[in-house]
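Once you've looked at the hints, dock chain B against the given chain A.
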Amino acid sequence: MSEEQQNASGDDYGADKIQHLEGIEGIRHRPAMYIGGTDLVGLHHLVWEVSDNVLDEYSNGYATTANVQINGDGSITVSDDGRGIPVGMMKDKGKSALEVVFTEIHAGGKFDRKAYAVGTGGLHGVGITAVNACSEWVEVVVKREGFEWTMEFSRGRVTEDLKKGPATNQTGTTVTFKPDPQIFPNTTFNYDTIHKKLQDSAFLNAGVRIQLHDERSGQSDTFHYEDGLAEFVKWINRTENPIHSDVIRLSGAQETTEVDVALQWNDGYSETVRCFANGISNSEGGTHFSGFKTALTRVLNSYGKRENLFKDMNPSGDDFREGLAAVVTCRIPNPQFESQTKIKLTNPEVEGAMNSIVGEGLTKYLEENPQIAKMICQKGLRAAEAREAAKKARDLARDKGKVGTGGLPEKLRDCRNHSLDVSELYLVEGDSAGGSADTGRDSGTQAILPLRGKILNVEKAQLIKVLANKEVAALFKAIGIPPVAEEQDVSRRRYGKIILMTDADVDGSHIRTLLLTFLFRHMRELVKQGAVYVAQPPLYRVLSKTRRNQKPRYVQTHEEMMSELLSLGLQGAELRLLPRESLLSEQVAEHRGAREEERVFSTEDLAKLATILAPMDDPIEAIERRGISLRRLAMEHATADGLLPRYQVFLGADEHWFGSKQEVDAFLAEQQEKTGQELRIDDAARAASTEGSEEQDGEANPAPVVTVTDLHGIRSVNDALRTLQTEYGLSLNDLLIPPVKNAEQVYPYLIENKDAQKPIQSLRNLVGTLRDQGAKGLTYTRFKGLGEMNPDELFETAMDPESRVLKKITLEDAAAAEEIFRVLMGDHVEPRREFIEKHALDVKDLDV
Amino acid sequence: MIRPMTCPTCEKELPVEINGESNLFPFCSKRCKEIDLLRWMKGEYALVEPMTIDDLLQAEQQQEWESE
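Chains as they are written, first to last, in the working numbering: chain A, 12 to 859; chain B, 2 to 69.
One chain only, chain A, in its complex shape (with noise of 0.2 Å):
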């Protein structure tokens, strides 16, 4: 110590205690350098300066509690469980270190943040002094050392002085203070800005309690996170769907420089990440965003890369940040921010550490959950998509706004006359059928845009049925609806109907399910008013071989064809029953439908018993497709009352059938008793082995697993059985081959009329007979292709508004169809395959 100094310790207006006051002063007089401003973000600091304190103890495991509370005087306390403020005596300052914590910026001792080993951020680095400096009054009650202490002070002065109270077995600080509205313009406390940084605290400070409670509304609330940051990551996704379930995190060290992150994607769009260095929010980065975003960035890229999942695309570090939810936390000793209010942390020795902890731990991540890596890495993809979507579909937009009629598709043909009254457009799939439509057409009215819908790859041998990608934008510019607009203005079309015309089969039917969709999903506006229709062609050319310079006829589906064929072969045409025996065995008593006595079938009969046949048909094969023979099945396992059984049962390797569900449940439940042992039901599994095996019986099943097949077209054959029984006298035996009799086939069924007699063997084949019967004076012929009219043909059956068909698309048909389109695009390959093969049996249904 100098001279002048003990001489002035000496007086009572010492050097030490001028300078203490010009401390408390010097903070009243400029509080902004101190606490960041005197708005309500200086009056909240005033808080977090006492309640980093405690967090401080927390940090070096003296503290577990935090309480805040508002008082109704707006005065706030925050008390904890800590080791509380030391009382004793400072002998160089002749004060308590109560005292001087409170008083004197700096403050040494125990209370200056260098003496701990982890810290929050020290807020404003002049402790408590600056909360006691701008208070109209604070009261602290210290535990510790076995009693309770009081000291009070008024704006930063002591007012009463350090006094030890009762004892006490506690340890801990309470601090009260009311913010001086000689500082502060606004003094109120708001409960919101208090709430989300004690939860931000209560996040970083894994386990910390801290609660808050206000006097003047009787809001409260209680912060406590045992999981810490994977906590205020899934609490800041709480309102998203994260994408994956785990909260990813990564932390380690780097020299001086610690780390600690989690992350979680959802399925949004928005990036939230939160930054923090040493328990500050950084509401603006700074290098440790920096470096997390760089190494995010360059590891999803390079796994994205190697796995093969970004196609041609090049997702950002801004795609791969779209839904992320991240805390990106680092400590380190000397944090130094870009401003005073320190929302950007500018060290740059955490850029290097962030980037490389984070890159190593993700890469580490990644490898061990590639199916979660898979899912982010879509993520980006899609959110890459969208950036270029967005660009392309203003290009298209912008591009068609510049464009006259010389803008138009190379491939249109167009009309002349564009009266929304009269014009058409005409969708055509193929160039060929486009040609030929070309030719046929009232070039006046009807514009035409072909289509290539069918691509064939030769080399992989595959058939890609697709609406190519000139072709999207040749739809809007031709039809004049340009894409993604705000509202679809429809009256502005080029054309009053949009006419789509495709073949007659499933690939037909395929591109006009890709149409529908497309027009569904972009052009809904067209279809909604009623402008989409689908051209009806034909499916055959019928000639009758008599008569001569006739003009063909022609029929719109297979069916009518077929219907039509029947109803000319059953012109005059009986049936003859010859006597034969029955097949069916003994068990089938009363319908085992022997014959003794011929009997014959009228027309009129005849073409009823026809129209309970056919229908049969379509079921009876399917059964035999299964590998299921309708004459073993008849034969074997025909029902008492001579119907087919519906249930198919495996016992192991053995084969069962029963007419009913409930027969089956019986016959489980016996075996079950008899074995004792509880039985595995596995259909599924059958169902699949069964899959185009030829023969079912005999096949081993090792494991005695019980598989059961429910046959449902079953249901529909018997029920036309029973008709044939009660209406017709005629059973299931009359659907079988009789065996070969004296090495010769036998026919016991004729049908006969007035040119011919046509013997069959089974009423199985009467309708088909009965149809080619009905062919023999006619040549008919089934377009496979539009292409395959020429186009006068073309224009007469499909174009000419006189005598085509048109079906006018409703909202509900594009609906179905783009549902349908759902199926056949999903992302589950299996069930794609199984509808397609289902379906592409029967065609029908693929048909709008």
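In short, the hints are calculated from the structure, not lab data.
Keep in mind the model is a prediction, meaning the values are calculated, not measured.
Glycine included, each C-beta is placed from N, C-alpha and C at the ideal position.
There could be a bad hint or two in this list.
[Unchecked claim] Okay, the calculated bits of chain B under chain A, using three or more residues with CB under 8 Å as the criterion:
#, region
1, 8-16
2, 19-30
3, 39-53
The following block gives chain B in isolation, referenced to the frame of chain A:
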């Protein structure tokens, strides 16, 4: 009316304000609508099937025509 209740692009359920009257329907957002449009424009929506013999013959025929 059978109407899809999920957005074709993100497969999220459609928010209630998006109904048949909305210009965005059946998409949940302009963004998802644009992504879908991009996929159409890139020809990503394609049904790919193994070729049948008929297809193959047709392809050969087409090649002959094109070479003529």
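Evaluated hints:
Counting residues of the region 8-16 of chain B whose CB lies closer than 8 Å to any CB of chain A gives 4, so the stated coverage by that chain holds, three being the minimum. A count of 5 residues in the region 19-30 of chain B with a Cβ less than 8 Å from any Cβ of chain A is obtained; the coverage claim is therefore met, three being the minimum. Note: the region 39-53 of chain B has 14 residues with beta-carbon separation from chain A under 8 Å; the three-residue rule is met and the coverage holds.
Checked against the numbered hints above, the structure breaks none of them.
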